[in-house]
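> Chains as they are written, first to last, in the numbering used here: chain A, 31 to 364; chain B, 31 to 364; chain C, 31 to 364; chain D, 31 to 364.
In short, the hints are calculated from the structure, not lab data. Being a predicted model, the structure only gives us computed values, none of them experimental. Just so you know, even glycine gets a beta-carbon here, dropped at the ideal spot from N, CA and C. Treat the hints with care, since some could be wrong.
Partial selection, computed: residues in chain A whose CB lies under 7 Å from chain D [unchecked claim]: (1) 32; (2) 34; (3) 61; (4) 68; (5) 93; (6) 95; (7) 270; (8) 272.
Protein chains: 4
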Amino acid sequence: MIVVMKKDYTSDDINQVVNYIENKRLKVNVSKGKETCVIGILGDITEVNVEEVQALKGVSKVLKVQEPYKKVNRLFHPEDTIININGNKIGGKNLGIIAGPCAVESEEQIVEIAKQVKKSGANFLRGGAFKPRTSPYSFQGLELEGLKLMEIAKQETGLPIVSELMSIGHLDEFMKSVDVIQIGARNMQNYDLLKQVGRTNKPVILKRGLSSTIEEWLLSAEHIMAGGNENVILCERGIRTFETYTRNTLDLNAVPVVKKYSHLPIIVDPSHGTGSSEYVESMAKASIVAGCDGIMIEVHNNPEKALSDGQQSITPQQFDKLMKKIKILSSLED
Amino acid sequence: MIVVMKKDYTSDDINQVVNYIENKRLKVNVSKGKETCVIGILGDITEVNVEEVQALKGVSKVLKVQEPYKKVNRLFHPEDTIININGNKIGGKNLGIIAGPCAVESEEQIVEIAKQVKKSGANFLRGGAFKPRTSPYSFQGLELEGLKLMEIAKQETGLPIVSELMSIGHLDEFMKSVDVIQIGARNMQNYDLLKQVGRTNKPVILKRGLSSTIEEWLLSAEHIMAGGNENVILCERGIRTFETYTRNTLDLNAVPVVKKYSHLPIIVDPSHGTGSSEYVESMAKASIVAGCDGIMIEVHNNPEKALSDGQQSITPQQFDKLMKKIKILSSLED
Amino acid sequence: MIVVMKKDYTSDDINQVVNYIENKRLKVNVSKGKETCVIGILGDITEVNVEEVQALKGVSKVLKVQEPYKKVNRLFHPEDTIININGNKIGGKNLGIIAGPCAVESEEQIVEIAKQVKKSGANFLRGGAFKPRTSPYSFQGLELEGLKLMEIAKQETGLPIVSELMSIGHLDEFMKSVDVIQIGARNMQNYDLLKQVGRTNKPVILKRGLSSTIEEWLLSAEHIMAGGNENVILCERGIRTFETYTRNTLDLNAVPVVKKYSHLPIIVDPSHGTGSSEYVESMAKASIVAGCDGIMIEVHNNPEKALSDGQQSITPQQFDKLMKKIKILSSLED
Amino acid sequence: MIVVMKKDYTSDDINQVVNYIENKRLKVNVSKGKETCVIGILGDITEVNVEEVQALKGVSKVLKVQEPYKKVNRLFHPEDTIININGNKIGGKNLGIIAGPCAVESEEQIVEIAKQVKKSGANFLRGGAFKPRTSPYSFQGLELEGLKLMEIAKQETGLPIVSELMSIGHLDEFMKSVDVIQIGARNMQNYDLLKQVGRTNKPVILKRGLSSTIEEWLLSAEHIMAGGNENVILCERGIRTFETYTRNTLDLNAVPVVKKYSHLPIIVDPSHGTGSSEYVESMAKASIVAGCDGIMIEVHNNPEKALSDGQQSITPQQFDKLMKKIKILSSLED
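If we strip away everything but chain A, and leave its shape as in the complex, we get (with noise of 0.2 Å):
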C-alpha cells in the first residue's frame, strides 16, 4: 500500500501517518520529493482499513500495491481448486456442463428436459424454484414445489441439482434437497447470505454482479471463503454496459483474469452473457477456448411456452449439437 500525501502536508501529517502504521506492526518506508511525499508500507494489509488512512490529515491518495483477498488468491494457493460434487468434479481440467431450464415449470418438463441434457452430455442440472424478478408481476418460481420437481428429476437421472437460494429463510431447505446453492448476480454483494453459505460447506456457484468489477466479485467469494465454505465456483455471465443489441456484455476477458488471480473454478453463462438463444453457442464454445472450467446453459423443451427467458433458452437438439462441438474444443490440448 502507498500513501502519497498533499502538496502542503507537514511533518506532523507524516508522524500521524507513520504511526499509524506501526501500530498495526507493519514496515514503513518515507520518501520525501520536491513536490510531494510518498509513503510505502510493505507486508500483510488485509487488516489495514483503506478508509481510515484516507481520512488522516495531509492524505492525497492511498494506492494499493497487492490484492485485497487473501483465501482466494492464487499466491497463497497456486494450484487450482478441484470441486467434487457426487463424483463430478470441476475446476483443474474438469468440465462441469449445468444445464436445464430458467425455472422449473412442472415435473414432466424439468425431468423431460432432464433426460435429454444427460444424453447429451450435461453433468449437472440447473432449474430455478425461486426466481428474482424485476417486477413483482412476474411469474416468481413454483418456490418450494420447484425443489421437490427437481430432486425427481434427480432421482430419474441422477444428475446432481443446481437451483438459486434467494433467502437465508429457505437456507434448510436447499440444504437437503440441492448440491449446488447458486448465488444470483443481484444478491453477489448480498452479505447476510454470503455469511450465511460461508458457514455450511456445500458448493456454492457465485455469479458475477451485473455491475461487479472482479475483484469485489472474488471479495465477495471472499467473504464465503471466510465463513469456512472453500467449494466456490464463480460464474461468469455477463455485465451492464451502453450496449443494447445483448442483453448483457459477456465478459469473456474475466476467464484469464480469473485464472491468473485466484485458484476457484470460473464457469461462463452464456445464456445471460448474451440474453438471446442464437448467440448462445458462438459464446459457449468460445467460453471453453478461453480456458474456463464450465458453461451453464438455459435449456428449455419449448422455449417459445417458457414462463421466463424462453428468448435465451435453446432446444434440447440444439444443445445436443453444441455438446459434440465443446467435446472436440475441450479435447484439443492447451
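Guided by the hints, dock chains B, C and D onto chain A, whose structure is given.
Coordinates of chains B, C and D only, in the frame set by chain A:
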C-alpha cells in the same frame, strides 16, 4: 406494447400472438407492411409477460409503450406523496434533512453528532449499525448495540432515526428501534428483503443500485408498494461509470426524471454520490435546486478517526455552514 | 417506426404527425387506446428524421422497428462480403491474420518483425506511423518516415500493409503507401475522415469506438459506404466499462451480433481488447471460435523496449505458438 | 510514480528499472518487502513513458502519483483563468451564457433567436453550421452558408459567435467568422484537430467526450495548450451510461472536480446532458449552484420544426423564464 414480427413471419405466427393477447382480454391492432408486420397491444399490460411474448415464434422484438410500474406511477397518482414521520414531512414542498455518521461508533459519538446536526437544522439522524462491506475483514458495524446507541441519541434530541437493514433476521429489532428503514444500494434488488419490508408500514428509504436504471429502481419500489407499504422514499446516491476521479457519478438528472414518472419523494446522498467531503457542498446545493425532497449527508465529529467513510464525511461545522446555504436556496420560489 | 403519443394528446396532434409522415409518402396506421394512441409507420424510413418526429406536439416517444442502416444491412445483402487485398481475402471463410508492432520504430525492427510474423502465418503487416496518444508528451510515431519503413518491409516480405490514418491531410500519402487504411477507435465518429475515405476505393478497417454501440459502429460504416467505398472491415477492440483489471472489455458478443445484422467482415483485436500480453492468446482463440473473420495482434521483437503498448505486445515466438493453435481451431468444421 | 515489481523479480530487474529512471535524471527510492518490491520515482515525470516502464521485465504495475497534465493543472497555476471574448468574460466569477439553436436553418431563424436570447441575458450566440450526425442520411447542416448567417446575426445583436469545427479543412473560415471554436464530444480525441486549433489563439470550447474520463478530457485540453493556445473552456455535456430514460447522464460532479484540478473555466450543457427540454431548467439551475462558469442552452423559436435536437430545445419564452432564476442564483454569495 408493440410486437414487431420477423421478416419471414407467417400468418400462423400472427394468429398465435393475437390469440395470446386476446386471452389476456386486451385489444390488438395488426398492421402489415411490405417488410414487416407490427402488432399493437393496448390496455393495461402490467400482467403480460414480455418474455413469453418475445419467445413466440416469428416475433423479432417487443417494444414497451407504457411504463411497467403501477403503484409508483404518477399517471395513476398525480399528487406528490408526502410521508409524515413523527411530524417530520418528506415530499411535496417538505425537505428531509438527514445527517449523521456513516457508522455508529460509541454513545458519545452518536449523541454528540445528533445534537450538533439538530442545532444546524437536520430533522432526521442517520447512523449505520450494520454495515455492508466489500471486504469481510473491514469493520462490520456495532450491530444491535449500534441500534441501542441510536435510540439514546433519539431520546436526547428527538430526531427520528434512519438506519440500514441488511437481513430479514433483524426486521423485528428494526421495527422497534428505527423510524425509517434504509435499503442500501447493494440490496436494491434483494427481493426477499423488499417483500418483507413491504409487509410492514414502516417508512423505507430505497437507495438506487450502483448500476440500476431508474426504471429498475421504480420497479423495486413497486415490489415494496405491492406488499402494501406505500411509505417509500427514493434516494439517488450515485451510479457506477468509468470515471475514476470520483467514487460514483451522482446522477442529478434522476431528480426531475423521477418527479415526472413517480409521485414518490426523492432525496439525494451527495456523500456517497461524490465520495469526497470536498465535493459534498456543491452537490448538496445542486440537488436542492434541482428539486429534490431532501438530502442525506454523512457528518462525523472526527472524520480522520471515522471507522468508515471518513474521506466523504464533513464536520459538524461544515454541515452548519452548508445548512445556512440550503435554507436560502430552499426559500427561493421555484 | 412507432410514434407513441402523450396521455393528453389532441386530434390536432395526431393529424400533424399523420400529415408529416404522409408527406414522406409513407403509410400510417393509427391505433387509439384508452390511455394513449400509437401511430405505426411502415415502409423505408431511412429518410425520416426521428428527431423531427420526436419534437412534434403531443409526441411522447418514437420507437424504432427497423435498423437505421441500409448498405451495411444483411437484410438487403444476404451474402457475406469478401474483401480481396492483393490476393489476400478477408470475409466468408477467409481469415485475415494481421500482425506487427504497435508503432514502427526503425527499419530493422519492422522488417525483422514482418519476416517473423509472415513465417508464422500472418498475411498482413500492421504498424503505426501516426499514433493517437492521450498525452501530448508521449511518442507520436515516426509519421511519414514510418510509412516509408513499412513499404520497405512490404518489399521484403510481400505482406500488404495496414496503418492508421488520423488526418485527412495525409490521405494522399496513405493512398500510395498502404493497402488497408485503419480508422482508430477515437476517430470512429470523426465524420470528416469517414467521408474522405468513403470517396476512395481503398479497403478500410473501422475500429469500434471505446463507448460506441454496435448500431453506431454500423452507422459509421454506413458513412463510408454511402460515399461509395464498399470495402469496409469492422474491428472489435474492446469497449470501456467499469472493470479495471483489464484495459478494455473485449465484447465478443459483437461477433455473432455483427454477423446477424451485417454482411461486412468482422475481425478482433485482442491486444487492445485486453491490454495485457498474458491474456492475448486466450482471447485470440476465443475470437476465432466465436466466428470472426480475422485477428489483429500486436507483435514486438522486444516488448520491453517498445515505444508504445509494450505491455500488450507478444513476442514473435509467442505469436508462432498462437498461430499453430489458430490453424487447428480454424480447420474445425463450423 | 510508483513501480511495483512482480513477486518473482530479480535484482537485475530492479537495476534495469533504476537505470531507466536515472537516465531521465529522476530520483529513485527502492523499498524491498517480504512479498514484493516497490520503487518510487519522484520529480517531474511528465516525460516518462508509463508504457515503457510497464513493459520492463519484472514489473507488475505502475501507479501514478501525480496528474499527467501540466499546463491545465491548477497546481502550477493557482488562479482561475478568465477568458475575455470581445469584452465578454468567462471564468472567475464571470458567467458565459451561450444560447441558440442546435443548427442554423435560415437567416430569419438565427437572427430572431439571437435577438430574443440577447434580450433575456445571453452573452454568446451558439449555432451549428456543420453538424456531426450518427446517420449519413440526417441533415448535415447548412455548412459555410450557416457561418454567413451567424455573422449576420452577430451584426444585428453584437453577440459573439460559437460554432462547432469538424474538419481542419474549414479552420480558415472559422478563424474569420467565429469568436469561439467548439470541439464536439465525438472529436475530443481527434488529436489532429486539437493540434491545429492549438496553433491559433482563438478561444476553444472543448466538450467532454461521451465516455471520456475527466483526466482524458484535461489531457485533450493539454494537447491544445501545448500548441500555445491557452484560451480553453471545458464543457461538461453528459456522459454515456446504462441509463435509458435520459439521452446522457449529466456529470455535475465534474464541476467541483475540474475546479480542484484545473484553473480553466468549465461550463455545462444541460440540453445535451439530459436530452429533453423538460429537464433543462432543473439542470441549468443545478449547474450554476454547483459552481460552473457558464451554461450552453439550445433555444429554438419553433422546437417542433427544428431540423435537429428539437426535443431538447427550449423556447425563447422558457429561456427568458430560466434566465430570471439564473440571475437570482448567481447573485447569491458563494
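> Going back to the hint list, which numbers does this structure go against?
none
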